[in-house]
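If you use my numbering, the sequence shown corresponds to residues 473 to 878, in order.
Do not take every clue at face value.
Unchecked claim - Label pairs and their in silico Cβ distance ranges:
1. Thr554 x Val854: 43 to 49 Å
2. Thr624 x Asn569: 41 to 47 Å
3. Leu688 x Leu658: 32 to 38 Å
4. Gly722 x Ile861: 32 to 38 Å
5. Glu719 x Gln662: 46 to 52 Å
6. Ala692 x Val551: 31 to 37 Å
7. Met874 x Asp840: 41 to 47 Å
No lab work stands behind these hints: they were computed from the structure. From the three backbone atoms N, C-alpha and C, an ideal C-beta is built for every residue, glycine too.
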Amino acid sequence: MSTLGFVVANIRWLAAGLLLTLFSSFGQTFFISLVAGDLRETFSLSHGDFGGIYMMATLFSAATLAIFGRIVDDHSIAVISTGVILGLTLFCIGMANVSSVWMLFFVIYGLRLFGQGMMTHAAMTAMGRWYSAERGRAVSIATLGHQLGEATLPLIFVAMFAVVGWRGGWWIAAGALVLVGLPLLLWLLQIERTPRAKKVSGAPEVGRQWTRGEVLRDPAFWIMSCGTLAPAFIGTTIFFHQVYLVELRGWTMELFASAFTAMAIMTIVFALITGWLVDRFTAVRILPAFLLPLAAACLALAGITHPVAAFIFMMLLGVTYGISSTLVGSLWPEVYGTRHLGAIRSIVVAMMVLASALGPGVTGWLIDIGVPYGTQMVAMAVYCVSVAILMGVISVRVTRRMSAAT
Numbered sequence: 473m474s475t476l477g478f479v480v481a482n483i484r485w486l487a488a489g490l491l492l493t494l495f496s497s498f499g500q501t502f503f504i505s506l507v508a509g510d511l512r513e514t515f516s517l518s519h520g521d522f523g524g525i526y527m528m529a530t531l532f533s534a535a536t537l538a539i540f541g542r543i544v545d546d547h548s549i550a551v552i553s554t555g556v557i558l559g560l561t562l563f564c565i566g567m568a569n570v571s572s573v574w575m576l577f578f579v580i581y582g583l584r585l586f587g588q589g590m591m592t593h594a595a596m597t598a599m600g601r602w603y604s605a606e607r608g609r610a611v612s613i614a615t616l617g618h619q620l621g622e623a624t625l626p627l628i629f630v631a632m633f634a635v636v637g638w639r640g641g642w643w644i645a646a647g648a649l650v651l652v653g654l655p656l657l658l659w660l661l662q663i664e665r666t667p668r669a670k671k672v673s674g675a676p677e678v679g680r681q682w683t684r685g686e687v688l689r690d691p692a693f694w695i696m697s698c699g700t701l702a703p704a705f706i707g708t709t710i711f712f713h714q715v716y717l718v719e720l721r722g723w724t725m726e727l728f729a730s731a732f733t734a735m736a737i738m739t740i741v742f743a744l745i746t747g748w749l750v751d752r753f754t755a756v757r758i759l760p761a762f763l764l765p766l767a768a769a770c771l772a773l774a775g776i777t778h779p780v781a782a783f784i785f786m787m788l789l790g791v792t793y794g795i796s797s798t799l800v801g802s803l804w805p806e807v808y809g810t811r812h813l814g815a816i817r818s819i820v821v822a823m824m825v826l827a828s829a830l831g832p833g834v835t836g837w838l839i840d841i842g843v844p845y846g847t848q849m850v851a852m853a854v855y856c857v858s859v860a861i862l863m864g865v866i867s868v869r870v871t872r873r874m875s876a877a878t
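Input sequences plus hints: build the corresponding full structure.
Next up, the structure:
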């Protein structure tokens, strides 16, 4: 089936996945960090203080997700989506009314759990379970919501904050969730796609169906995770400290916000290309190369101070984001099966949230003690290249193992 034919035949469910990833933006670092400067000023926090709060709140959300995330194996996506949207709405209202450091911690915990965590988890689990032969394309289309949010929301809300203030912006975010997101999703998901859960007869289960315990005992899982978690760690680190970066380079927030559009365009293009590549060659085979553009992005941000560096970095980051958004969504069901996908993905997403927590905390501390920003970027580039080499080796071994099992 052509891509256009596939989209037309599955528009209802693909649109639902896209909306889930789009509305996850209100719990993503790139959005929360838009008010980082206001929050630090309101509560008299240093970069390290705020990074530490963000890190700990996100760590607790990751721990919760590892336990809570398996519920997507036992309930419909419509039910899960309703609960997650309502939870995220409440915490957006909480951010609009935050009045103390302890409340800030709790609000960030909820935004990360329901936004970045459960909203993305529900979308990717649905795509992985609903589709098999065309899983790569399904994931690539559903993840476009992330890019749509990154391309539009920073510009919209930076302008909006100037009119209604940063607290008013969070009230608007809550309204968008409950008045737009929830009705649309309920309408789209009133017809559940089959197979809809692991218990449905006829669900396509090809090859070995790994349990979560078996996956956690598989060394290949941890090696692949070293690579798949790198974009979350690095991207979150840079977005979280974007106000610091802008001040350090002498840029403007409007300039940096506009660079999100360049990133989103590249992400969309490479997400769609990767969807086709995954369906043709498998996710495991293209795994080793996706961190190389991220390494180049880090080096560009370390070595170029001209404002054009913001766009170079964002475009290169977009390449990796585009590849990884499709690749990671397809990788785990391809390697470990779909029967226990919700339980497996709950661990994967929890680790992703953990990686995104460590970045702001560690780098905030490094900023406070005076470690040059460029040095941190170079270290991240070296890590990406090293892990890419390691994943080249594991890709061959996993491919052989999968071939032997079929």
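In this structure, is the beta-carbon distance linking Thr554 and Val854 contained in 43 to 49 Å? 44 Å, holds
Would you say the C-beta atoms of Ala692 and Val551 sit inside 31 to 37 Å of each other? About 33 Å separates the Cβ atoms of Ala692 and Val551, which means 31 to 37 Å holds.
Given the range 32 to 38 Å, decide if the beta-carbon distance of Gly722 to Ile861 lies inside it. 36 Å, holds
Quick check: does the Cβ-Cβ distance between Met874 and Asp840 fall within 41 to 47 Å? 46 Å, holds
Would you say the C-beta atoms of Leu688 and Leu658 sit inside 32 to 38 Å of each other? Given about 35 Å between the Cβ atoms, the range holds.
Is the hinted range of 46 to 52 Å satisfied by the C-beta distance from Glu719 to Gln662? 48 Å, holds
Given the hint of 41 to 47 Å, is the C-beta distance from Thr624 to Asn569 inside that range or not? The hinted range 41 to 47 Å is violated for Thr624 and Asn569, with Cβ atoms some 25 Å apart.
Comparing the model with each earlier hint shows a violation of hint 2 alone; every other hint is respected.
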